[in-house]
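Number of protein chains: 2
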Amino acid sequence: MIEVEVKVSVKDFADVQEKLIQIGAVKIKREHQIDVYYNAPHKDFEETDEALRIRVIPENGKNRIILTYKGAKMDDVSKTRKEIEVDVSDAENTDLILENLGFRRAASVTKDRDIYHLDEFIITLDTVFEIGTFVEIETEAHEDEDTSESLNKIFEIYKRLGIEEGFERRSYLELIHINV
Amino acid sequence: MIEVEVKVSVKDFADVQEKLIQIGAVKIKREHQIDVYYNAPHKDFEETDEALRIRVIPENGKNRIILTYKGAKMDDVSKTRKEIEVDVSDAENTDLILENLGFRRAASVTKDRDIYHLDEFIITLDTVFEIGTFVEIETEAHEDEDTSESLNKIFEIYKRLGIEEGFERRSYLELIHINV
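These protein sequence lines map, in sequence, to chains A and B.
Residue numbering for the first sequence follows the working numbering, starting at 1 and increasing by one per position.
Residue numbering for the second sequence follows the working numbering, starting at 1 and increasing by one per position.
Among the clues, some could well be false.
Since copy identity is lost for identical chains, a pair holds within one copy or between any two.
[Said to hold, decoys possible] Under the rule of at most 30 Å between Cα atoms (straight-line distance), these lysine-lysine pairs were calculated in the DSSO-like manner:
(1) K82 with K43
(2) K79 with K153
(3) K19 with K153
(4) K29 with K73
(5) K73 with K43
(6) K62 with K82
(7) K111 with K29
(8) K62 with K29
(9) K19 with K111
In short, the hints are calculated from the structure, not lab data.
Build the full structure now, drawing on both the sequences and the hints.
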């Protein structure tokens, strides 16, 4: 699966929240996400632009835990990249499996995420601990699909939200490394 | 977690099944298990005696899927080794994550497994496709625990089952490789 995604840095969410309602986006939920990123024993993911992550989302008194692989970014304007996810039953054991395979914890990212839906798009308002506030708009495409139309639609939505600058191709992981 | 385990090759299960009932073992269930083993991009698991596996167990119309890491064997008489497991939601995506990380499918093992419980021990009767029939007795220990007492108890159970030879330290993966 390809994740077609464009991120933008914003000062705050007041304007965006108002405009999201105006254009008919529906707020689905708020999530707290604790992400741990790993680096590989046989290559440097910072160089290859890949990522391996365990995400923990506390939900109704228990944790949803997701293991995610992300491939390198596929164009020069967006964060579009291959993304593969599975839910796992246990964060500690998943971490232990990765550590025993030689993967090492590289960084962690914690955020609150408000999630909106608009047609086939997911719009998120992220308050990222120690990094800042960001809007992301994303949708999914198949591996052999042309993603340019989806990208155009994403930039159209940004226009309707009054956002035409501040676009950010770097991942939160990359931004955290710069911030440190 | 340490998996303390001793395996033995048997001609058939007739004798063992009778004796299991005599010594008070309780049959829990029968599982069909389809295992795929992977090798690593940065070392050869055949040399390091490690294993990485996706196991699929069809159960009540859906699949239970388990990702398992096994460390090297820890002594000269048993298959005792570190074992870490998590349930995952999707076998195909787990395979894709591993493949994208550079792991490669090395072999697959398919078996029917009858599972018995006796005190803290799990006794399994395995009919392994293209390999043969085996009994395994295993229990769990903590990482810092002395496993020799558990091992002695396992060999005692084998004695009570009338089994004193045919012990097999090689995994099914290793046996399949020899068979090919």
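Quick rundown of the hints versus the structure:
Taking the shortest Cα distances, K82 and K43 sit within 30 Å of each other both inside one copy (18 Å) and across copies (26 Å). For the homomeric pair K79 and K153, the shortest alpha-carbon distance inside one copy (15 Å) is at most 30 Å, but the shortest distance between copies (57 Å) is not. For the identical chains of this complex, K19 and K153 are intra-copy neighbours only, at 16 Å inside a copy versus 69 Å across copies, given an alpha-carbon limit of 30 Å. Taking identical chains as interchangeable, the C-alpha atoms of K29 and K73 lie at most 30 Å apart only when both belong to the same chain, with a minimum of 27 Å there against 47 Å between chains.
Taking CA atoms no more than 30 Å apart as the test, K73 paired with K43 passes in both settings, with 17 Å inside one copy and 27 Å between copies. Proximity of K62 and K82 under a CA criterion of 30 Å is satisfied in both settings, with 28 Å inside one chain copy and 27 Å between copies. Only within a single protomer do K111 and K29 lie at most 30 Å apart by alpha-carbon distance; the minimum there is 14 Å, versus 44 Å between protomers. Both within a single protomer and between protomers do K62 and K29 lie at most 30 Å apart by alpha-carbon distance, with minima of 16 Å and 29 Å respectively.
For the homomeric pair K19 and K111, the shortest alpha-carbon distance inside one copy (22 Å) is at most 30 Å, but the shortest distance between copies (58 Å) is not.
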